Each structure stands twice: as C-alpha cells, then as structure tokens.
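Generate coordinates for the entire structure from the input sequences, incorporating the hints supplied.
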Amino acid sequence: MTDPTDVPHPDLAAVPGPRPDGRRTRLRRAWAETWRLGLALLFSLTATGFVLVEIDEGRMAMTGGQLALDIALGVLCFGAVLLRHRFPTTVALVVSAAGAVSAFAVGPITLAIVSLATHRRWWRILAVAAVFTVAGWTYGQLYPTTDPAPVTETLLGVAFFALLVWIGAYIGLRREHIASLYERIATAEREQAGRVAQARANERARIAREMHDVLAHRMSLVAMHAGALAYRTDLPPAQVAETAALVRDSAHEALGELREVLGVLRGLDGPTAGGTTDDPRPERPQPTLADLDELVAATTAAGTPVRVTDRVPGVEALPVAISRSAYRIVQEALTNVRKHAPGVTASVVLRGAPGQGLWITVSNATPAREPADDTTRPPSSGLGLLGLMERAELGGGTLTARDADGRFVVQAWLPWTA
239 MTDPTDVPHP DLAAVPGPRP DGRRTRLRRA WAETWRLGLA LLFSLTATGF VLVEIDEGRM
299 AMTGGQLALD IALGVLCFGA VLLRHRFPTT VALVVSAAGA VSAFAVGPIT LAIVSLATHR
359 RWWRILAVAA VFTVAGWTYG QLYPTTDPAP VTETLLGVAF FALLVWIGAY IGLRREHIAS
419 LYERIATAER EQAGRVAQAR ANERARIARE MHDVLAHRMS LVAMHAGALA YRTDLPPAQV
479 AETAALVRDS AHEALGELRE VLGVLRGLDG PTAGGTTDDP RPERPQPTLA DLDELVAATT
539 AAGTPVRVTD RVPGVEALPV AISRSAYRIV QEALTNVRKH APGVTASVVL RGAPGQGLWI
599 TVSNATPARE PADDTTRPPS SGLGLLGLME RAELGGGTLT ARDADGRFVV QAWLPWTA
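Residues in the sequence shown are numbered from 239 upward in steps of one, following the numbering used here.
Hints may contain errors.
The following label-pair restraints were derived from C-beta to C-beta distances [said to hold, decoys possible]:
| id | residue 1 | residue 2 | range |
| --- | --- | --- | --- |
| 1 | V372 | T425 | 43 to 51 angstroms |
| 2 | I405 | R433 | 41 to 49 angstroms |
| 3 | G644 | R433 | 47 to 55 angstroms |
| 4 | L419 | M298 | 45 to 53 angstroms |
| 5 | R428 | L394 | 47 to 55 angstroms |
| 6 | A310 | R428 | 50 to 58 angstroms |
| 7 | A479 | E429 | 57 to 65 angstroms |
| 8 | V478 | G644 | 31 to 39 angstroms |
Everything labelled a hint here was simulated from the structure, so no lab data went into it.
It should be emphasised that the depicted structure is a prediction, and the values quoted were computed from it without experimental measurement.
C-beta: ideal position from N, C-alpha, C; glycine also.
Okay, here's the thing in structure tokens:
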C-alpha cells in the first residue's frame with residue numbers, strides 16, 4: 239500500500255533532455271545503488287564493531303541473543319531501505335524505530351534519512367527526528383554504558399541527524415538544479431523548433447505570394463491570346479501561328495515557374511526520396527527592374543500598351559531585394575490593367591534616389607464600365623492588390639491604390655538606403 243505522505247524520489251531519468259541509452263542508464267543506477275548500500279554497510283559494521291569492543295571491555299551488558307537480534311534486525315533494515323525511493327517517509331520512520339534495539343541498523347538509518355532530506359519536506363523530517371531521538375534514548379536505556387553520559391549521547395545523535403539532513407538537502411538542491419538545466423535545454427529546443435516552423439511557414443507564405451504574382455502574369459497572357467484565337471476566326475494563318483506560339487511559350491514559362499516553386503516547397507520539407515535536396519541545375523535569378531523592358535514588351539504584345547517614364551539614376555544601384563519587389567509590383571499592376579481595362583494604355587513612372595526611396599506609380603484610364611465576363615478575360619482572385627500591399631510592407635515601404643480624376647493609380651514607395 240502506498241504511503242499517502244510520500245512523494246516520488248526525484249530521478250534524473252524523468253527529466254526532459256538528452257540522456258544516455260537505456261542500458262547505460264540501468265548500469266549507472268545499479269552502480270549508484272551499490273555504492274550507497276556499500277557505504278551504509280560500512281557504517282553498520284563500524285557501529286557494530288564499537289559495540290563489540292564495549293561488550294568485550296565490559297562497558298556494555300549484551301547477551302549473545304540480543305546481539306543476534308541486533309544484527310538480524312539491521313539486515314531487515316537493509317532490505318527495507320531498498321524501498322526508500324517509493325516510500326521515503328515510511329522507510330525512514332521504520333528504520334529509525336529499529337535503531338532502538340539495533341546498532342547494525344545505523345547504515346540503513348543514515349541512508350534513509352539522507353534520502354528523505356533530499357525532498358526537503360520539513361515536517362516529515364521533524365517526525366523522523368523525533369522517532370530517531372527516542373530510539374537513540376531507548377537504545378541507551380536498554381544497553382547503558384559508563385561513558386559517555388546519556389545526555390551526551392543524545393546530543394551527539396541530534397548533531398549526527400542534523401548533519402545527515404544537511405547532506406540530503408544539498409543533494410536535493412543539486413538534483414533540482416540539474417533538472418532545471420535539462421528543462422532549459424528542452425525549452426530551448428522546443429523554442430528553436432518553433433522558430434524553424436515559423437520561418438518555414440513565413441517562407442511558404444512568401445513563395446505563395448511570389449507564385450501568385452508570377453503565374454497571374456503568365457496565365458493572363460495565355461488566357462487573352464487563347465481567347466483571341468477562339469473568337470477571331472478571320473485571322474490570317476501566319477498571325478494564328480504567331481499567337482499560338484505566344485500561348486505555347488507563355489504556358490511553358492508558367493509551368494517552369496510552377497516547377498521551381500514546387501521544388502522550393504519540397505526543399506523546405508527536407509530531403510527528397512533520393513536523400514538529397516541538391517539540384518545540380520543552377521537556379522534562374524529572380525527578375526528585377528533591369529528586366530522591366532522585357533515585361534513591357536510582353537505586356538504590349540498582349541494588347542496593353544505601356545508607356546514607361548524612368549527617372550531613376552542607375553537602376554543597377556538598387557538593392558536586389560528592393561529591385562525585385564519593385565518589378566513584382568509593376569508586373570502585378572500591369573496584370574490588373576489587362577484584366578480590368580483591356581486595351582487601355584498603362585503608364586509606369588519610376589523616380590527616386592539613394593537615401594530618398596523609390597517611388598513607383600502605375601496608372602491607367604478607368605474604363606466606363608468593366609469588360610463583360612467572357613472566356614477571353616482571365617479570372618480575378620481578388621488578392622492582387624492585397625499581395626502588393628503585403629510585399630511593400632514586408633520591404634519596409636507602403637502601397638496605395640485609388641481612383642483619381644478618372645484614372646486608377648497604384649502608387650508604392652520602397653526604401654532605398656544611401
């Protein structure tokens with residue numbers, strides 16, 4: 239039956255954190271228990287040796303049967319002290335009470351008191367102290383000696399008990415300190431895992447925004463050219479072939495972009511089935527404002543004329559991240575123009591300087607009415623402007639979109655440090 243006043247013995251095996259394998263742990267526990275029992279046996283043999291010396295010199299009266307009872311009870315105490323981890327209070331009370339008639343029980347008493355003191359439950363320690371003191375006084379009454387006096391024996395017993403409690407409390411504090419270190423390690427590992435997961439989620443979100451910007455541009459081209467082929471049956475064969483080639487090229491580019499994004503997403507999840515995430519092919523660099531001419535040419539060929547006013551001295555001097563974000567903002571804004579105002583001329587104005595920032599303005603005349611929904615018009619996700627705002631804010635800038643004097647204006651500012 240479990241003692242309700244007992245508490246489990248603190249064991250480092252229950253502490254989270256890195257630990258050795260099971261076999262090494264079992265060997266370590268066995269060795270720890272062995273040397274403790276060996277030390278307790280040394281104490282018992284020493285105490286019994288003093289008793290035998292006093293009996294031999296005639297300073298203590300003890301029969302052979304009493305000595306046999308002393309040793310037998312002490313051996314039983316050694317068996318009881320093996321349960322001190324599960325029942326520390328009960329075992330300490332029992333072996334301390336056995337000290338009233340057994341000097342050989344000194345070793346188990348020492349071990350049980352130290353083990354109990356590691357928990358630092360002081361009222362239990364005081365209860366064991368009372369039993370220990372009464373047992374020592376009883377032993378002195380049963381087997382009186384001429385020297386030292388009973389009072390002196392009692393004071394020595396109290397001092398010995400206090401020393402054992404101090405040792406046990408120190409061991410308990412040290413165990414708690416080690417447990418707190420393991421807990422800190424485990425907490426740090428959990429926090430690190432959380433940071434990695436958050437970084438992975440942020441990277442996925444960034445890639446999702448990137449995929450929206452890229453694929454919306456590519457697929458809008460595919461949809462517009464394919465729609466033109468479906469409804470313009472009067473086109474000459476040469477123009478049909480040219481438009482079909484544009485559809486094919488745009489589709490291939492969209493698939494390539496999608497393949498790259500999926501490859502990055504697989505890389506975020508760890509090694510592939512082959513055991514590696516390394517790709518021998520070099521990654522294609524992300525477009526920047528240096529590629530703006532190609533974007534303008536593709537947009538114009540798709541039926542949306544673009545007029546560019548570049549007042550930026552040296553686009554190459556822009557930081558790569560800012561230049562890339564600026565390109566994506568212009569790309570998405572032109573995609574929106576094609577969707578909502580097909581055939582309307584778009585205006586792109588770039589201005590700024592190092593230390594002042596980069597201003598991007600994309601505007602177009604607002605059509606009298608939205609174009610009718612048909613198969614030539616690519617579907618709208620409704621997330622384009624939201625994605626642009628998020629991209630600008632992540633770069634430390636701002637972005638606004640509004641109707642002003644019959645024109646729809648997207649204006650962004652991105653930081654450009656000197």
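Comparing the hints with the structure gives:
1. As the Cβ distance of V372 to T425 is approximately 47 angstroms, the hint placing it in 43 to 51 angstroms holds.
2. Distance hint check: the CB atoms of I405 and R433 are about 42 angstroms apart, consistent with the given range 41 to 49 angstroms.
3. The hint said 47 to 55 angstroms for the Cβ distance between G644 and R433, and at roughly 49 angstroms that hint holds.
4. Between L419 and M298 the beta carbons are some 50 angstroms apart, a value that agrees with the proposed interval 45 to 53 angstroms.
5. Hint check: R428 to L394, Cβ distance near 51 angstroms, so the stated range 47 to 55 angstroms holds.
6. With their beta carbons about 53 angstroms apart, A310 and R428 fall inside the hinted range of 50 to 58 angstroms.
7. Checked against the hint of 57 to 65 angstroms, the C-beta distance between A479 and E429 comes to roughly 60 angstroms, which is consistent with it.
8. Taken as a hint, the range 31 to 39 angstroms holds for the pair V478 and G644, whose Cβ atoms sit roughly 36 angstroms apart.
Violated hints for the displayed structure: none, as all numbered hints are satisfied.
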